[in-house]
Amino acid sequence: MFPTLTLGPLVIPTAPLTVLIGLWVALAAVERAARVLELDVNQTYGLATTGIIAGFVGARLAFVGLHWPAYQDNLLGILWPINSGYHLLGGLVAGGLALVYVGRWRRLPAARTLDALTPGVVTGLIFVSLADFLGGPGYGDPTTLPWGISLFGIRRHPVQVYEIAVGLVALAVWAGSLPPRGRDGRLLLSTTATYALGRLLVDAYRANAPLTAEGYHTVQIASLAVALIALILIARQAAAATSGDDQR
Amino acid sequence: MLNRFQSTILILFVALLGGAWIVISREDVLQFTGRPELTEAPLAGYLAPDFTLPTIQGEWVTLSNLRGRPVVLNFWATWCPPCRAEIPDIQRVHERLGHRVHILGVDQGEMANVITPFGLEMGITYPLLVDADSQVNRAYGINALPTTLFVDAEGVVREVFTGILNRAILESRIEKLLRDAD
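Protein chains in written order, with this note's numbering: chain A, 1303 to 1550; chain B, 3 to 184.
Excised from the complex, chain B in its bound form (with noise of 0.2 Å):
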């Protein structure tokens, strides 16, 4: 059993040592928000994989042309009901936040002629992307619908997020990738 003494200088000694850690582990903060080692990849922390899809308007949209701002992938379809179910709260957050965030519809196999009925129907007015040959699906490795990816203004996925969303989670989710960018 350490004496008062020898407990003293124990956890002097530890203070010491861990804030020596803590000092040799600090990271360069100009290095960090630079990210010079990120890779490409459909997982938190990495880039996400770039890519060129047309609307149902047959307007073309590359991802990295985005950048400035944070964008959600949501990537769905239409014979997917639980994808229709979040449609409603994904329409009403782009009302609301759509000015400050590009919220992107990525359907997964289908041709604009099902899509684009369907978006009508819905009234959705967010940017539906046509990925027929599913190639865009498939770099994302989206096994499951729907999965929605929030990617920050600097092209970083900061979360993947499988099975339905509502509007609360989706705007938390938002704001923060908006509180980060300010």
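Extracted from the complex, chain A is given alone in its bound form (with noise of 0.2 Å):
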């Protein structure tokens, strides 16, 4: 792990670092899928940068609104620092809503729009494992097998490093399924579909997961529903697109 990166006298937090080259090549990833799928290139890099701005300022002002009392009489604080002070939920219903209302305004083709849309999200998630493993925040069980990495006297899974892969291979699947056959939104779904898979495989080796008062972890059991969600859409799609076949 690095969780810091020196530089003469500068010291740079590894983890921040990473996330913010990882929206960088999210939106490259978006742009890139965009031209493979015909659409119009800034209407949705523009989509996406709104998203993620959006996302931005809703995860902070909800985190301020959470702590008001902690910022009425310091209101820079609401700007500085920026490293940290974000509400995950918030952010993510304002950068859903963005990407809604900007969409329709602008009339994007909705389910090839998140077809775009999906490969940026998939390589933000690779990047926020990537800081997690530099910054080490979260680690694996202890294991005996040869790829683990030892931390602190202890070799352990190197969970991050299973998660990244994971995301490479939804990533495989979005690329392998080119040209799109069938309806829009199948790549968001084939892609969804393996990625929750995925973690729901390998967040069994997470150590320090997030658990139900039962022991079962909640990242898996959420990855279940998503992928169950992603492949009842698949099932329904095809069955759509054999009856309007059959019609024909």
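The hints are simulated quantities; they were obtained by calculation from the structure and are not laboratory data. Ideal Cβ placement from N, Cα and C applies to all residues, glycine included. Check the hints yourself; a few may be wrong.
Over 10 Å on every C-beta distance to chain B, these chain A residues come out as not near it, computed from the model [unchecked claim]:
| # | residue |
| --- | --- |
| 1 | G1310 |
| 2 | L1322 |
| 3 | L1325 |
| 4 | L1329 |
| 5 | I1355 |
| 6 | R1406 |
| 7 | W1449 |
| 8 | A1467 |
| 9 | P1481 |
Have a look at the derived ranges for each label pair, beta carbon to beta carbon [as the list claims (entries may be wrong)]:
| # | chain 1 | residue 1 | chain 2 | residue 2 | range |
| --- | --- | --- | --- | --- | --- |
| 10 | B | A17 | A | P1512 | 19 to 27 Å |
| 11 | B | P56 | A | I1523 | 42 to 50 Å |
| 12 | A | T1351 | B | D30 | 42 to 50 Å |
| 13 | B | Q137 | A | A1477 | 48 to 56 Å |
Residues from chain B that face chain A, not an exhaustive set, calculated with beta carbons under 8 Å [as the list claims (entries may be wrong)]:
| # | residue |
| --- | --- |
| 14 | I13 |
| 15 | G20 |
| 16 | G47 |
| 17 | A170 |
Combine both chains into one complex, guided by the hints.
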């Protein structure tokens, strides 16, 4: 792990730096996907950028709202420091609403645009896992396997590396499904199902995973639910396509 | 292309297999909370490395003796401008939550005769620990100031925060530690 990067007198925490690079790479992935799917590249890129900015602003405002007494006599604290003080759910809601609003306002085709945003989201998740790996907030179960990494005297599963591998497989599924056969939205669904099933598999090796009271991994439960929903929607799409062919 | 029956069978198969994997992966909650495999490291998820340091008043503080309440370890120095900027917020949080959480300022490489007048000038009432030879700073791998570690009531590091904090960030982290402790 490399929690900080030292450049002369500068000490830079690697995790936020990795996330920033991840955002840039994710936007590049969206741009490329939009081109492949024959969408308006500028509009799609702009939509993704708007979603990210709205997400950051929403996450910050939700955090500020929840901790207003600590901010009311220090309004500059709303702007600084920027490396912390965000509320994940607030960010997801604000980012999602911005995507829906701007997407409808610009009359972008919803399903195909989501197909184009998918590799960006997966790329972002890959970089979040990489940031976790470098910064060290998560770690795996003890293992004797040769690819285990030694952390303070104990060999452990490199669980974030597994997550990165899952993301790469999901991206491969997205790329392997080109040119998109069937209906728009299929790339989103197949990539989501792959990523969710992968996380269901690898989260079992995370040592500090959030658990239910009974000891079940909450990420695994959520991943299975997401995977099943995606598979059901794929099956419904396929059935609709088949009945459409029959009618013709 | 799968037909409707085949798709249904596939989805049921995934649901069963996934459910079985979740059950197999279930953690023994008693063992988990006992944390038998934890080692000491200044990283989230590990036991905070133990130390004993004197305060500027000459009392000795041992980290492991503080278990039962969350601990905030703020690594700082009098010459560090961002450390100075966050001190009023840390002091306010100490005044509000100091009865439920231990807040400790661990100075880096300075003597008590430097820290004491600074602490008085800033009105600091939380314990300021003297690490004159920076041994504890080195054990915690502190190479950027300020750095703040949030340690839960069982002595496990929950977060390592590099950079300046404000009151809201500090309170949100402490309140989470207190909720988890409850």
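Comparing the hints with the structure gives:
no., hint, in the structure
1, G1310, "12 Å, holds"
2, L1322, "14 Å, holds"
3, L1325, "19 Å, holds"
4, L1329, "25 Å, holds"
5, I1355, "21 Å, holds"
6, R1406, "31 Å, holds"
7, W1449, "19 Å, holds"
8, A1467, "17 Å, holds"
9, P1481, "16 Å, holds"
10, B:A17 - A:P1512: 19 to 27 Å, "22 Å, holds"
11, B:P56 - A:I1523: 42 to 50 Å, "49 Å, holds"
12, A:T1351 - B:D30: 42 to 50 Å, "46 Å, holds"
13, B:Q137 - A:A1477: 48 to 56 Å, "52 Å, holds"
14, I13, "5 Å, holds"
15, G20, "4 Å, holds"
16, G47, "4 Å, holds"
17, A170, "4 Å, holds"
Hint compliance for this structure: no hint is broken.
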